[in-house]
Amino acid sequence: MEVLEENDEEEQREEELMKALEISDEPHNIETKLSVDQVFVPSDVSDFDWSSIDISQLPSSYKTNSPREKKLLRIADHYLQQYTHLCPDRKPLFLYPVNECGIKKFVSTTVRPTLLPYTELYHWDGCASFVCDYLTMEPLKSPLIPPSLLYSPTTILKYQRGNCFDFSVLLCSMLIGAGYDAYCVNGYATHDICSLDETLEVCPLLRKPQEVPKEIMKKSNKYRVKSSPDMQSKFELQQEAKKKAETEATHKNEERGEEKVTEVEKPTHDPLYGLRVHAWVLVLSGKREVPEPFFINPFTGNSHSTMDEHFLGIESVWNHKNYWVNMQDCRNGCKDLIFDLGDTVRWEIMLSETDKPLQVLLDAEEENELFDRNMDDIQEEEEDTSFAMPPSWVAPIQISPREFETRCSQGKKVILYKKAKLEKWAPYLNRNGLVKRLTVYADLGCTEVVEVREWFKNREDMLDMRELNKQTQLTTEYFSPGHLLGLKVHIYKSMEPETERVMEFYNEARVDGLQKRAENASEIKEYFVGRDDFKYFQHTEFGKRGKKISVAGARTDINSRPIVQMKECFHRNLEKPADEDVAERVFLITEEMIHLTYHLKDKYITASKKDFFKPTENYRKQSEIMTPEMCITYQAGSSVKDKKLLHLYKLLQELTEEEKQLKQQVRQSEAEVLNILKIRENEEADIKLTVSIYNTERNEKRKQQYEATKNAMEDEFPVHEEQDLDYLAPFLIQIGHPEKMTKGQVLRLRDDCLTDFKNRLIAKANIIQARFEKEVEELKKKNQQFQENQSQLSREEEAVFLADYSETMFRIHIVALRLNREKQTAPQKYLALEEKLRKDPRLAVHLSHA
Amino acid sequence: MSQSYNSIKPNVIDDEMLQKAVEERLPEDIGKLAKREGIDFKDVTELQLSFRNILQIDNLWQFENLTKLQLDNNIIEKIEALESLVHLVWLDLSFNNIEVIEGLDTLVKLQDLSLYNNRISKIEHMDTLQELQIFSIGKNNLTALEDVVYLRRFKKLRTLNLTGNPFCEEEQYVLFVVAHIPDLVYLDFKLVSDTTRELAVSKYHYLIDPLEHEEAQALAQLEEKLAKQKELEYHKTAFVEYLNGSFLFDSLYAEDTEAAKLAYLPGVDDLLQAYRKDFVSVCENLFNYGLKEYEKREAEVSEFYKGLHEALTANQQEGRKIILDFENRNKERLDEIHHATSYNIAESKRAEYNEDILQLSETLMTLEMQTVDQLEELIKDFEKNIAVIASTFIENVKGMMAQCRDLENRHHEKLLEISINTLEKSVKNELDEDLPDDVRELLVDKTTLVNMVNTSHNVHLLKIDMRECDILSNTYRWQASVTGKAFQNEIDRNRNRVKEIFQYIDNLQEQLDSIELLEPPE
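Keeping their order, the protein sequence lines are chains A and B. Residue numbers 1 to 850, in the UniProt record's numbering, belong to the letters of the first sequence in order. Residue numbers 1 to 522, in the UniProt record's numbering, belong to the letters of the second sequence in order.
Please keep in mind that the hints were generated in silico from the structure rather than gathered at the bench. Since the structure is predicted, the reported quantities are computational estimates derived from the model, not experimental observations. Among the hints, erroneous ones may be present.
Claimed, not checked - Covered stretches of chain B, going by a simulated chain A footprint (3 or more residues, C-beta under 8 Å):
1) 296 to 306
2) 319 to 330
3) 375 to 382
4) 490 to 497
For each residue, glycine too, the CB sits at the ideal point set by N, CA and C.
Could you build all of it, start to finish, from the sequences and the hints given here?
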């Protein structure tokens, strides 16, 4: 050991360092006491036997160490020795665990940065949720010490299970690949985090989004009316306030009582608190617009602030390039840690790097001085500074689309939260498209169901989510855009018509702008948005069914409920004057009355009104079609300037017409409700899932089509080929396709065929030869011409000739080459044909004998 | 028409004819009702007077709200008496004997005009009909194809009918028209095809291009003029028009002949230049200050109205709430009275209701009184603030005007000095410069010269005073009008509200009384 040879001065220095370190060591002192008497073995030991995995298929990098890796291990060993010497009280570092092939590998080389081709995996939350869904969690063999084994991410992915270190390494690889400044962390956390116990957590789906209080900047106007003097007794107010305070106090007491109850729910004190080893991922700010550092717990995929009290301490962090040891005090958990890895006092770096930011570079020099004083081998030091992390030994991480989609092993995952259970399925696994179900319970024991929420995917009826409230028996269904009739939300107790229900619609997709329709046995309320006639609300009241047929509303359809009253409300239409713009229109069917209320005029407090009494039969018989008694008018702000009866009559006629239409409309909307209910029932009875046309695996139709075309192609192709290659055909035709051929015929056929082929080859060679000669002749001619006229030629003409000359030379060269080749290959071709003919089934019988 | 063609008796539009025409339009049942009640010509929007042998248009002034008028198939010779029908959209004057287009200037909303089959020989007098979309002037006496160019000004014209005019015989008629009216969709009942349009453009672009250029220029000029006018308007509302430059200074010397003569004296020119520079800079200051103050005034006024609006909205809501409460409560009560079993009960209920109405009236009036007090205070505040703004403005303007006057005084003194010096020199014959004769004449007598300089000075001072006076009086007027308007608005509002309350209460009472009538005393 080199350390033994150090001189006094260095010893002193070291002591100082040790003193500094002692502070941070304190929480670990407990460990020595505890680890002796108990080693907690988790009850649910995995049934998976890692020793049985197949390692024969793994690449050689898994089974051996390259020279650089060996050197790295040496450096790491050295580093560890110094570390144990300097900080003897701290736990040994997690530096080079054994991989699945039993080879020591440095942890940084196990990280294999990979960007996977899925858009979801481009963001940290997508990666984290994939990792936590895809892998099954295994507890550490011993919760107090880091594992001695660390498998490659590829193996972990293959078997879909692993401990927190495996999770972290995989997640870290993906995050670094996606461009994040991510690190694996080896540290300590609470029992809940380490054992993936979320039963004390509120389910993230149940967490209410924090409402951001909207700050309305109200500019105070200096012109404000002073409110009328306050005549209330101050004393009374005081008394009231006192009372209020008292009641509040009692309330608080009660609440406190409740709090006590909730405290009971809190976990009992964990004897191993602060000692449980955990691995997670740290993402530092700077890259990918991350504003501040945060942790990701790989088991849950959730992000945590670095102040989170569940994380109790950090031993070391590493990424694919380097390894840092935390030298900061972790007594208060991770709250006070400063994540500036360039700070050598707080973070002890293993490999001083060159590709780190400048600040780190500067620090690195200091650090070398400080740390390497312990070394007397200067060469080693030099080597150390220049050494870069070797590339990862792990094969590229690959996830097939199928695996990516299936997510959890066997496509199902169950998570228990505080008073809630969350189940997840892979899409298309369930026949009804169910992908997620959250069951909320009233008690901690999870016996009494309060609410069930189900999420669906790829459903043809666009059902997105269904919420069933067990207490109120209310079912709420949420639909994505695209459902028939623009249905958005459907809240109901039963599917029976004319019971209490609320339907919300995508009003943009509807012609009538209907946004919501609330219904119960005796009324329908409809809310509209963005209509041209400014109507925003319609309320219809129904009477008891089948009482009297003489009731006006029942005449159209005896089965339907008689309409008693219809009310419409309108927004202000700015194109009309206010007292001609109807705000509310009430049709009292049974009383044969129509009430009109108009909008308020500017600064007026009373609205104009018109009450029509519809002419009864008696009136009709008389010639009077309109009398002043039939309409009571109140015109705000104008002395009774009665409008002419003519106008009133016209208005009444219009209103009667509209009443008819409105009635029809009400019937239509009743029919629509029935229709929707029927459609919904049919849809629920026969649930269909949609498949994207790009999804070739799932899309049966496409697959069949594809295969059909492929088969068709195959069918066609061989025929074609055969025809092409039937060299005997022309000769067979000559002898007239005999069923059977005599030996003489066959021989003649063969000879004919061969001679024909020979002739063709010779002809071909002759053609090439002729071409060659022609080119040469031409060249000669040209050359001669050039020689004769050389003196008269201008420079340009000369250049043209030269270009032409070189081109001709090139052609000659090519032709010569071809001729040569032809000469060489011709005999071979001839032999090949002869061979082929011998093997031809039609001739084989005779030829083989021959 | 029962009469034979030859014995047409010319008619003039009279009340009887109109009455008949209006009644004809109504359906039978309504007609009866209308007849009994009498028809108000103001309510009529459409009128058809075809085939009535009308010679002269008259008596149509009552139809203020007419939008559609048909006068086709008459013997009208002159378009007249249509000035008051400003809402007219549709006018049919086809099959008449009209010779000149005229009398349409006020019908700015006109979209569809038909002058088919008349005797018109020139398209003219239609500049105001910018809304025109359909124009039919077929079968007339139009001979000059260049007349069509006139129609370019109707930017919304899409349908045009020119058939049966003499110029339609000309070979290039269609192309010429299409080229000159590029947005035309239908010409002579036919769709204008794209090929025709392209052909027309390629053929006549030499005519159209300069035309377009000219129009664009005219438009640009107009816009510039408008912009300038708008700016001037803005300056005027700020009371500092023509102060951003040397306008005022120039106006000082505009009618001052003496100054012009004095300017020839040696050294005066330099003096004048320096004076001008100082003066203009003071004017500029004043101008900028004026604009700034104007913004301040506007902000103050708008803030006041914002506050007022808030107060009024709150008041309206409060009143509305009271009334709605009352109405909800009393609907049932009216029913009760209506269905009361005995007269006594009905009577007591009625009395109760009456009481309620009085109570409501009381509440509403109290609210109104309260509002009046509040608003009065508000308006007084406003008045005070406006007064402060106005007085500071006036003070500052006065200060700047005093600067102008100082400059003038100083200039005057120097001018006097130079004049006298020159005079002395001249007397001593030491003057070496060449001066015009009339100026030389001045340099004879000292008193005349001094008088002259003084007159010039006085003229200048007067001009400055006048400008100052202008600004001040404008400011005072503005102050009075703004505050006056606020007070007047409030008074009007109060009156309206009180009237409304009374009317509403009366209405309620009436309703109550009418119910009582239905209840026979036992």
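Going down the list of hints, with the structure as the test:
1. Counting residues of the stretch 296 to 306 of chain B whose beta carbon lies closer than 8 Å to any beta carbon of chain A gives 3, which reaches the threshold of three, so the coverage claim holds.
2. Proximity of the stretch 319 to 330 of chain B to chain A, defined as three or more residues with a beta carbon under 8 Å from a beta carbon of that chain, is established by the 4 residues found.
3. As drawn, the stretch 375 to 382 of chain B meets chain A at 5 residues by the rule of a beta-carbon pair under 8 Å; at three or more, the given contact holds.
4. Remark: the stretch 490 to 497 of chain B is confirmed as covered by chain A, as 3 of its residues place a Cβ nearer than 8 Å to a Cβ of that chain, reaching the required three.
Checked against the numbered hints above, the structure violates none of them.
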